[in-house]
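Same order as they appear, the protein sequences are chains X and S. Numbering-wise (the numbering used here), the first sequence opens with residue 4 and increments by one. Numbering-wise (the numbering used here), the second sequence opens with residue 30 and increments by one.
Read the hints as simulated data drawn from the structure, not as lab findings. Just so you know, even glycine gets a beta-carbon here, dropped at the ideal spot from N, CA and C. Be aware that a few hints might be false.
[Claimed, not checked] Pairs of lysine-lysine residues, derived as DSS-like cross-links and limited to a Cα-Cα distance of at most 27 Å, are as follows: (1) S:K88 / S:K40; (2) X:K66 / X:K143; (3) X:K73 / X:K84; (4) S:K90 / S:K33; (5) X:K123 / S:K40; (6) X:K78 / X:K184; (7) X:K250 / X:K78; (8) X:K250 / X:K238; (9) S:K42 / S:K90; (10) S:K90 / X:K66; (11) S:K63 / X:K66; (12) X:K66 / X:K84; (13) X:K83 / X:K123; (14) S:K33 / X:K73; (15) S:K40 / S:K76; (16) X:K132 / X:K78; (17) X:K84 / X:K123; (18) X:K184 / X:K123; (19) S:K62 / X:K66; (20) S:K33 / S:K91; (21) X:K66 / X:K132; (22) X:K83 / S:K40; (23) S:K88 / X:K66; (24) S:K40 / X:K78; (25) X:K184 / X:K238; (26) S:K63 / S:K76; (27) S:K90 / S:K40; (28) S:K90 / S:K62; (29) S:K88 / X:K123; (30) X:K123 / S:K62; (31) X:K73 / X:K138; (32) S:K40 / X:K66; (33) X:K138 / X:K123.
[Claimed, not checked] Here chain S is said to cover these stretches of chain X; the calculated rule only asks that three of the stretch's residues, wherever they fall, bring their Cβ under 8 Å from a Cβ of chain S: (34) 149 to 155; (35) 161 to 174; (36) 190 to 202.
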Amino acid sequence: MRVGGTNRDTDAARAFENLGVNVEVLHLNDILRRRNLFTYQGLVFPGGFAYGDYVRAGAIWGKRMLAFIKEDLRKFAESKKPILGICNGFQVLVEAGLLPGFELLQETQQVALAGNASSKFECRWVYLKKNPQSKCIFTKEMLDIVRFPVAHAEGRFITENPEVLQRLVEGEQVAIQYATKNGTLSNGSYPSNPNGSALDVAGICNPEGTILGLMPHPEDAFFGYQVPEWTRERKIETYGDGFGLFKSMVDHIEMAF
Amino acid sequence: MKKKVEFGNLKFKARIEVMLRGSTIDPAAETIKKSLIDLNFPVTGTKLAQVYDLTLEAKTKKDAEELVQLMCTRLLANPVKDEYSFEVEEDGNSVSSKSNS
């Protein structure tokens, strides 16, 4: 799905197309007009600057969906069809109440993505560690330690209530965390944790693991030629680390629907 | 798909301020504070706010205030990190209201 200001939709579509998926990039207005959400087996909210990031990143897109297609989204999520939110898409999932998903589509948010602690737009490659205990269906085929780029100004995962964090940890909903090159968690230290996120959170999923939001961009690490060394290495790998995440989502759809 | 919006017969002006709660780290405000200190200003604290000036129609001032309150909770302020305050004004009379989201 896209709206005005979305700019990573083509990259995400290209990754899925490479895996043989029939992809359609639809504007939210198409869905509002045709109410055709259920035609699809999976839904992606790509990165960008939806509605200019006015008010807050992801706020207008998230609240617009709550106003117009809340029940459609609820049914889609309850049918366990996978929903992926990347970067701005993660912010949208949080604003729309699809994440952390203790109670679906709650209008009162429990977590937020605030401005980066560095006060900068962080645009570079970071190392990430997946939580192998998590039910997250998106990380099954992903390597334990991966490298994706981040490109955001508002990615600091915070919550006002410590119980929310505890619940996320106990429910194994913290699916992907910022780490150092050797795979130890960042423990909040900059620059390996690029935004100051609590618990080094790079991505969280809902309790069932079928909705994932993450700040880093797997679609920009999907092909081997997207990784930083591709000009230096003699042998370029076909795929980058992002491949595993998209493959996991597609595998889940093939198995479940 | 358009939703029906009810307009009242009285016009109001509203000014809404949304800012990060004291407990939320505000790196942008800190950066600005440091820059002001670099310019030799004796600044000891900064806060940044988003200000929305808007006009609206409602039946009564109370209705207008309730609408503005809803705007804050439903879109303009994020309950996890923001606090907000607003003023609603009609024909030169001003009513002020403060709240934490």
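Evaluated hints:
no.: 1; hint: S:K88 / S:K40; result: 9 Å, holds
no.: 2; hint: X:K66 / X:K143; result: 31 Å, violated
no.: 3; hint: X:K73 / X:K84; result: 16 Å, holds
no.: 4; hint: S:K90 / S:K33; result: 21 Å, holds
no.: 5; hint: X:K123 / S:K40; result: 41 Å, violated
no.: 6; hint: X:K78 / X:K184; result: 40 Å, violated
no.: 7; hint: X:K250 / X:K78; result: 24 Å, holds
no.: 8; hint: X:K250 / X:K238; result: 23 Å, holds
no.: 9; hint: S:K42 / S:K90; result: 10 Å, holds
no.: 10; hint: S:K90 / X:K66; result: 26 Å, holds
no.: 11; hint: S:K63 / X:K66; result: 35 Å, violated
no.: 12; hint: X:K66 / X:K84; result: 21 Å, holds
no.: 13; hint: X:K83 / X:K123; result: 36 Å, violated
no.: 14; hint: S:K33 / X:K73; result: 17 Å, holds
no.: 15; hint: S:K40 / S:K76; result: 31 Å, violated
no.: 16; hint: X:K132 / X:K78; result: 31 Å, violated
no.: 17; hint: X:K84 / X:K123; result: 35 Å, violated
no.: 18; hint: X:K184 / X:K123; result: 22 Å, holds
no.: 19; hint: S:K62 / X:K66; result: 33 Å, violated
no.: 20; hint: S:K33 / S:K91; result: 21 Å, holds
no.: 21; hint: X:K66 / X:K132; result: 31 Å, violated
no.: 22; hint: X:K83 / S:K40; result: 47 Å, violated
no.: 23; hint: S:K88 / X:K66; result: 26 Å, holds
no.: 24; hint: S:K40 / X:K78; result: 40 Å, violated
no.: 25; hint: X:K184 / X:K238; result: 22 Å, holds
no.: 26; hint: S:K63 / S:K76; result: 12 Å, holds
no.: 27; hint: S:K90 / S:K40; result: 9 Å, holds
no.: 28; hint: S:K90 / S:K62; result: 38 Å, violated
no.: 29; hint: S:K88 / X:K123; result: 45 Å, violated
no.: 30; hint: X:K123 / S:K62; result: 15 Å, holds
no.: 31; hint: X:K73 / X:K138; result: 25 Å, holds
no.: 32; hint: S:K40 / X:K66; result: 26 Å, holds
no.: 33; hint: X:K138 / X:K123; result: 33 Å, violated
no.: 34; hint: 149 to 155; result: violated (count 0)
no.: 35; hint: 161 to 174; result: holds (count 3)
no.: 36; hint: 190 to 202; result: violated (count 1)
Checked against the numbered hints listed earlier, the structure breaks hints 2, 5, 6, 11, 13, 15, 16, 17, 19, 21, 22, 24, 28, 29, 33, 34, 36; every other hint is satisfied.
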